[in-house]
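Work out the full structure: start from the sequences and follow the hints.
From first to last, the protein sequence lines stand for chains C and G. Residues in the first sequence are numbered from 1 upward in steps of one, following our numbering. Residues in the second sequence are numbered from 1 upward in steps of one, following our numbering.
Think of the hints as simulated: they come from the structure by calculation, not from any bench. Just so it is clear, the structure is predicted and the values come from calculations on it, not from any experiment. Possibly wrong hints are sitting among the right ones.
[Stated by the list, open to error] Below, a list of computed lysine-lysine pairs in the DSSO-like style, where the Cα atoms sit at most 27 Å apart:
no.	chain 1	residue 1	chain 2	residue 2
1	C	K396	C	K477
2	G	K176	C	K685
3	C	K857	G	K479
4	C	K808	G	K3
5	C	K808	G	K26
6	G	K17	C	K535
7	C	K349	C	K554
8	C	K477	G	K180
9	C	K687	G	K176
10	C	K535	G	K26
11	C	K528	G	K180
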Amino acid sequence: QQPSVQVSGSVKNEKGEPLPSVSIKIAGSEKGTVTDPKGNFTLAVADNALLVFSYVGYDTLQVKARANLAITLTPSAGALNDVVVIGYGTQRRKELTGSVATVTAKDFQQGSITTPEQLIAGKVAGVSVTSNSGAPGAGSVIRIRGGASLNASNDPLIVIDGVPLSGNNIYGASNSLSLINPNDIASFTVLKDAAATAIYGSRASNGVIIITTKKGTSGAPVFNFTTQVSAATRAKKMDVQSAAAFRKYVDSLGGGTYDNVHTYKSLLGTANTNWQDEIFQTAISTDNNLSMAGAYKNTPYRVSVGYLDQQGLLRTDHLQRFSGGIAISPRLLDDHLKIDINIKGAYNKARFANGAAISSAVYFDPTQPVHATSPYGNYFEWASVDPGSGAITLNKLAPRNPVALLELYNNTSNVYRSYGNVQFDYKFHFLPELHANLNLGYDIAKGEGQTDVPAFAAQNFLDGGQRNKYSNKINNKVGEFYLNYTKDLKQIKSNINATAGYGYYNNLSTNDNYPALRANGDTIPGTKPLFLLDKPENTLISYYGRLIYTYNNKYILAASIRTDGSSRFSPDTRWGTFPSVALTWQMSREPFLQNVQALSDLKLRLSYGVTGNQDGIYNYPYQSIYSLSGNGSLVQFGNEWYSMGTPAAYDASIKWEQTASYNAGIDYGILNNRINGSIDVYFKKTKDLLNTIPIPAGSNFSSTILTNVGNVENKGIELAINATVIKNSRYSWDVSFNAAYNENEITNLTATKDSTYPGTLTGNGFIQINSVGYQANAFYVYHQQYLKGRPVEGVYADLNDDGIINQKDLYRYKSPFPKFILGFSSQFTYGKWALSTVLRANIGNYMYNGITTGAVKSNVLNPLGYLANSLNDIYNTGFTNGQNQSDYYIQNASFLKMDNLGLAYNLGRIMNDKVGLRITANCQNVFTITKYKGLDPEIYGGIDNTIYPRPRTFVLGASLQF
Amino acid sequence: CHKDLNLQPLNANTSEKQYSNFTGYKQVLAKVYGSYSLVSSSGVGVSDVNIAGISDAGTTDFIRAWWNLQELTTDEALCAWNDPLLLSFHNINWTSSNVFINAAYARSLYQITVCNEFIRESTDEKLTARGFKENEAAEIRHFRAEARFLRAFQYWVLMDLFGNPPFVTEADPIGKYIPKQITRANLFTYIESELKAIDPDLVAPRQNEYARADRGAAWALLARLYLNAKVYTGTDRNTEAITWASKVIEAGYTLKPGYKTLFMSDNDKNNPEVILPIAFDATNSQNYGGTTFLTCSAHGTNPADNQAHGIPGGGWLGNRSTKNLPTVFGDYSGNADKRALFGPGNLEVNDVIVFNDGLSVYKFNNITSGGAIPPSPNGVLCSIDFPLFRLGEMYLIYAEAVLRGGSGGTNARALEYFNLLRTRAYGNTSGNVGAITVNDILNERMRELYWEGSRRTDLIRYGQFTGNTYLWPWKGGVKNGAGVDAHFALFPIPAAETIANPNLKQNTGY
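If you want it as structure tokens, here you go:
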């Protein structure tokens, strides 16, 4: 027993700020301590002991113990020694065999972020995150390396702390991810190639996103409080005719009548109303989060609560979220048993605005007032007055007053969700190389809400208003068990890491059915549901195994296999097998490269694998099913009314969609990893596409059927560069850049080879087509002809030269999907200041400007007894009737967006050194550079039929640590 | 634990379960009928036939889809909705990509497919194997004959509109099967043989439940088939037309007093004339096609008229008439011939898309014969049943077939039937005539049967649909009317279908 001495000291980061919670261990023992919130520590040690300082994201430092140690830790460049979560285990980044990208909290998008996926927008090569709208809590479309499927889901599998999310719709939540507080998330790991994803088998074709939530640390509790207040403003308005211009337009068309009696001019009002100004507002929001993290003895814990209050840009939109989370990680049996318990819960209280107001604000006559004496709640509405009796009759075909659409529509919901898991990892006492891991997870939710519209409201006048309820419950269960054996075989310079497991996944929804009610509570006849509830359900059972063999720390061979059985397919076709194999060569460890000083890391990865897809389709597509028709759809025989026993279309032989993927990649690090990144090339071939195709009439109980037909190929290149441009004691500048190129081609669409098959029409309004030899969802349009630069109405190119213009002259023109997706992030720090920005660009994507197709004379002056406004594009085209299939409306929607510009000031420790304070200011959606003429060039799918505008948001925030 | 993968929907039956009892059979029989009365089993907003380019499910029910093709293409109706596809019907310049043509095509074949499935599942072998008692099996045998009747009816529709449709029967599978095409003449023979083969299994005329087909319906279809046989096969079959029309006439049907009550909301009660209706009900059988469409689309914005006709929420400013329809009555005020049920509007159509141009047709009327407005959830949905076959038409088939030289009937009887219709129309014998010609029948059919879906077929039979021997306003897209090419006497197989089914050959001219 050596005499012990008391040593003390402090730990700071490279900026000279104290680092709390740094782990200090005495080398060769488990004894140690952590720094307090001021970065100080004291520890009793043997004389001359070696102390090991370690902290996540920083290089580990070993120092001889002495008095008054002043330690400075430096961030680990590229964090190449990080441990990366992969499916069912972890791997050191240096030894990864798959294409895997990680984004941790320090690199997340900043500002007011309501839903988790927005944290990584623009941050990962080959991953696009497109928000669906600017509404509070709106969801996003996430695509990894383009979509592999045509009709099944193209969404990646999202796994939170080992619980795969089902994607089931929760009633009353615009997006189920909006019930996950982004502030609880520690990191995203994106698995892109089959080597990484195949262990998730049948749900992996579209990539996998593993979300890890924040966990407990060690030592005394540290509190973190962040608060934000933000103001969301309109970034751009729709270019509609002003009241003055509109009057002039109607006047200029003379004295036409809409019914042979009344002139259009007589319909003009005297007001000057900007309807967009009437429905949008500057939206104020706050987001507050408090967390406590630390460790009690051997049990790290983290507890967090959050409160979000977000107004919508569209008036009456409002979301409140109350969230909480607990993470406890007891380490028992001398660290042989690790238990991780994660429980998260959220309660969303929302009011949803009537989105119909947005397009109505485009079309509603600007010469009419918001309010006027009327039986419709004293809002102006199009109606006719009988000259004799004075009776007022609503014009049911006219657009409705946008303000009334908002103010007389009250749709509120309450949604509860909890998800979590408990994971036991047991390291066998007699065989510590063997782990047994049991993971039990759940994801439950309950959504309920009601829509109220008063009887006098024009929007529901025929039904006498509405009082409609909706509710459902989600109950998803996950059970997984695996064994892992990891062994170093030093005598043959080998390491083996073998995993074998079983998984059970059950997704059950309980959807309630309600009759449609009038405002006074009466049931609208014919709407009483036949069944009070429905319980759609699907189950997946899986077996999987993986072997990673490493030779001499340089050559890594990884192989995995998974077999999945799905309740969606018949016993004959239900099981699918999904193998993968990958090879990694740590080239920088070869002698011939070890002398290259500049090269700190170089790794070559090759992989091949097969994954499947079955999500996003109906639960029972292989069965011949009869369902009964509801009230309102009954058939009269004699004096009785009968429910119809209705056969559904089915394909008894429906089965898995399969994607074979090839990937070649290089991970590199230069100048001690100051510059690092990766390059990947991939090729994905999907066969037996789950594809809804038109079928010959008479062959099934529908005009279309979901079946396995067709092949799609995706190929692309991805590049990521992270660089520390400047780094010294006062300045630092880090940038990262990612670029992805993806090319998508349909190579087969029909069961039988048929060169004359033009393809399957898709898209909203069927303006797009899936055709062999083209990208999915190519626009399918006529080629507009121009005279003196103006499009000529109805004059199109006779592309097949047969003398007539008909559907044979439609052609495939451009694609809604970008060829290139670019992301750029920069963070510049100077002393206590930090300036950061994120830019994104999509190149090569086109958009159908659908809202503009309505800017034609026959919409403004129609025979239905009202006037409708139009976009100013009406002066560019002069069209009388809609020319919806003209390529005039296909516009280049390539863009460069600055998502975020942020400035932060770190006050350091204040209030007698008790509190750390950081103040931030952000602007989101700063600018967009595009040729696209509509409101926003970023709409997933390439069809623009009025979008809820994405706001420009100004955010002020403070973060306190104590 | 792999049994957990055998999941079934909570609220639906597998086909074995559906056909395990009598109630299940009757529910599928309801679908056999509901396939032509409603758009789907999932309410008014969803359609059995999802056609690329049609977003409004209410345009895809049988009556509306068929009516568009049979009436908007003729002098009886034109539509003010500024839809190029509808305009092409008046202009008679439609193409194979017209989705409204596809709606009629797909709807007919959908009902045929549902009939095939029922016929397949109701063979005597299956009924025996499933252990049905003889009384239930006998009932199901009637059901099966009715499914065969409805299949024959839809094949008649397809033969009339498209000539050479695909041909599927219960012998073909459900799946990804590609049906073969049948020629018009062969299809004629098939329909004829089916209608005769099912005769013993159908219920006797007027003895079945309301809105279900009986022998009278099959005979009526045979009469219609034979009347048009020359168009379908090149050979006149007027003698058979007389035979089968006579069988219907002698089966005990009588004219419903008061012509206008045939088209009112209580026309399912005390109606001795209708042989087979398609039943609609604003509460139980909701559909924005059917008679709701025929009523609402014919009304404008006049609240008093709409209220008086039981559609206070309706008025779609759509269909009205060309002047040829009212003027065929001479005095079209309705004071003399009470079948002239017209509303306001200009006789001349100067502008096709102005609803006021053209007299309104107030034939379909959603009030009871007692003047009451039936319940409707929104003042739009109607409860009028559509008369698919009725005695009035049989009288005119008999008369026309006699005048066209068929045997087995007499001129005197033909004149008697003709005058029975005119007596009802005038309320007395003042409108009766002493002699009739073949051409008189065409005009009388217009007066008696306008807007009931027979006009295009009639004009074709009389050689007046295409060509320029007979013109009406806006025929051929010209205000005074212009001749059109003969190939328009058949509709094209929809373009989408020629893609999906490589076995189909397009009709000449498209």
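Going down the list of hints, with the structure as the test:
Taking the CA atoms of C/K396 and C/K477, the gap is about 48 Å. The hint is violated against a cut of 27 Å. Annotation: proposed proximity of G/K176 to C/K685 holds, straight-line Cα distance about 24 Å (limit 27 Å). Restraint check for C/K857 and G/K479: satisfied, since their Cα atoms lie roughly 23 Å apart, inside the 27 Å limit. A hinted pair counts as satisfied when its Cα atoms are at most 27 Å apart, and C/K808 with G/K3 does not qualify at roughly 51 Å.
Proposed proximity of C/K808 and G/K26 is contradicted: the alpha carbons are some 46 Å apart, above 27 Å. For the hint pairing G/K17 with C/K535, the CA-to-CA distance comes to about 19 Å; that is within 27 Å, so the pair holds. Among the hinted pairs, C/K349 with C/K554 is inconsistent with the structure: their alpha-carbon atoms are about 54 Å apart, more than 27 Å. A distance of roughly 48 Å separates the Cα atoms of C/K477 and G/K180; the hinted pair therefore is violated under the 27 Å criterion.
Our distance criterion of 27 Å between C-alpha atoms is met by C/K687 and G/K176, whose separation comes to about 18 Å. A threshold of 27 Å between alpha carbons decides the hint, and for C/K535 with G/K26 the separation of about 26 Å falls inside it, so the pair holds. With a C-alpha separation of about 42 Å, the suggested pair C/K528 and G/K180 falls outside the 27 Å cut-off, and the hint is violated.
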